[in-house]
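Visitor: Numbering follows this note's numbering, with no gaps: position 40 of the sequence shown is 40.
Rather than coming from a laboratory, the hints here were simulated on the basis of the structure.
These figures come from a predicted structure and were not determined experimentally.
Where hints are given, some of them may not hold.
[Said to hold, decoys possible] Taking lysine-lysine and the DSS-like style, the derived pairs with C-alpha atoms no more than 27 Å apart in a straight line are:
#, residue 1, residue 2
1, K81, K7
2, K14, K59
3, K7, K71
4, K14, K68
5, K59, K81
6, K81, K68
7, K7, K68
8, K71, K81
9, K59, K71
10, K71, K14
[What the hints assert, rightly or not] FRET-style restraints, in silico, Cβ to Cβ:
#, residue 1, residue 2, range
11, R103, E54, 51 to 57 Å
12, R103, K7, 15 to 21 Å
13, R103, D33, 16 to 22 Å
Virtual Cβ for every residue (Gly too), placed ideally from N, Cα, C.
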Amino acid sequence: METIFTKAIGNTPKIKVLEFLIEGRELDYSISDIAEGAGIGRTTLFRIWNDFIELGIVKRTRNIGNAKLYKLNLSNPFARKMADLFDTLVIEPLNKRKKVVVRH
1 METIFTKAIG NTPKIKVLEF LIEGRELDYS ISDIAEGAGI GRTTLFRIWN DFIELGIVKR
61 TRNIGNAKLY KLNLSNPFAR KMADLFDTLV IEPLNKRKKV VVRH
């Protein structure tokens, strides 16, 4: 499914992963969770994952059993700018729509 974010900047597997991580930026995820949440296959994620690690866009947070968990690295300038762009394109318009005027 195409979202406002992917419509604006592209609908590639990397963008889908980035969007998923931005939406859940406060949480950490396993590789399987990221692939499922982004709507891509694990094989595709493994093909692109090193770019996210090498560029510092994601950071490893902890291990649960054999699973390594990762989250968006908001200390990374690129990740922070992309999160800001997401907020501008997706969150801010939603907040504007939610304003309700109550008159007594």
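Visitor: Against this structure, judge whether each hint is valid.
Guide: Quick rundown of the hints versus the structure:
1. K81 / K7: holds, 17 Å
2. K14 / K59: Status holds; Cα separation ~16 Å.
3. K7 / K71: Holds, at about 23 Å.
4. K14 / K68: holds, 19 Å
5. K59 / K81: holds, 16 Å
6. K81 / K68: Holds - the C-alpha atoms of K68 and K81 are around 25 Å apart, at most 27 Å.
7. K7 / K68: Not satisfied, since the Cα-Cα distance of roughly 31 Å exceeds 27 Å.
8. K71 / K81: holds, 16 Å
9. K59 / K71: holds, 6 Å
10. K71 / K14: holds, 15 Å
11. R103 / E54: 51 to 57 Å: 55 Å Cβ-Cβ, so the 51 to 57 Å window holds.
12. R103 / K7: 15 to 21 Å: Taking Cβ atoms as reference, R103 and K7 lie about 36 Å apart, which means the hint is violated.
13. R103 / D33: 16 to 22 Å: With Cβ atoms ~45 Å apart, the hint is violated.
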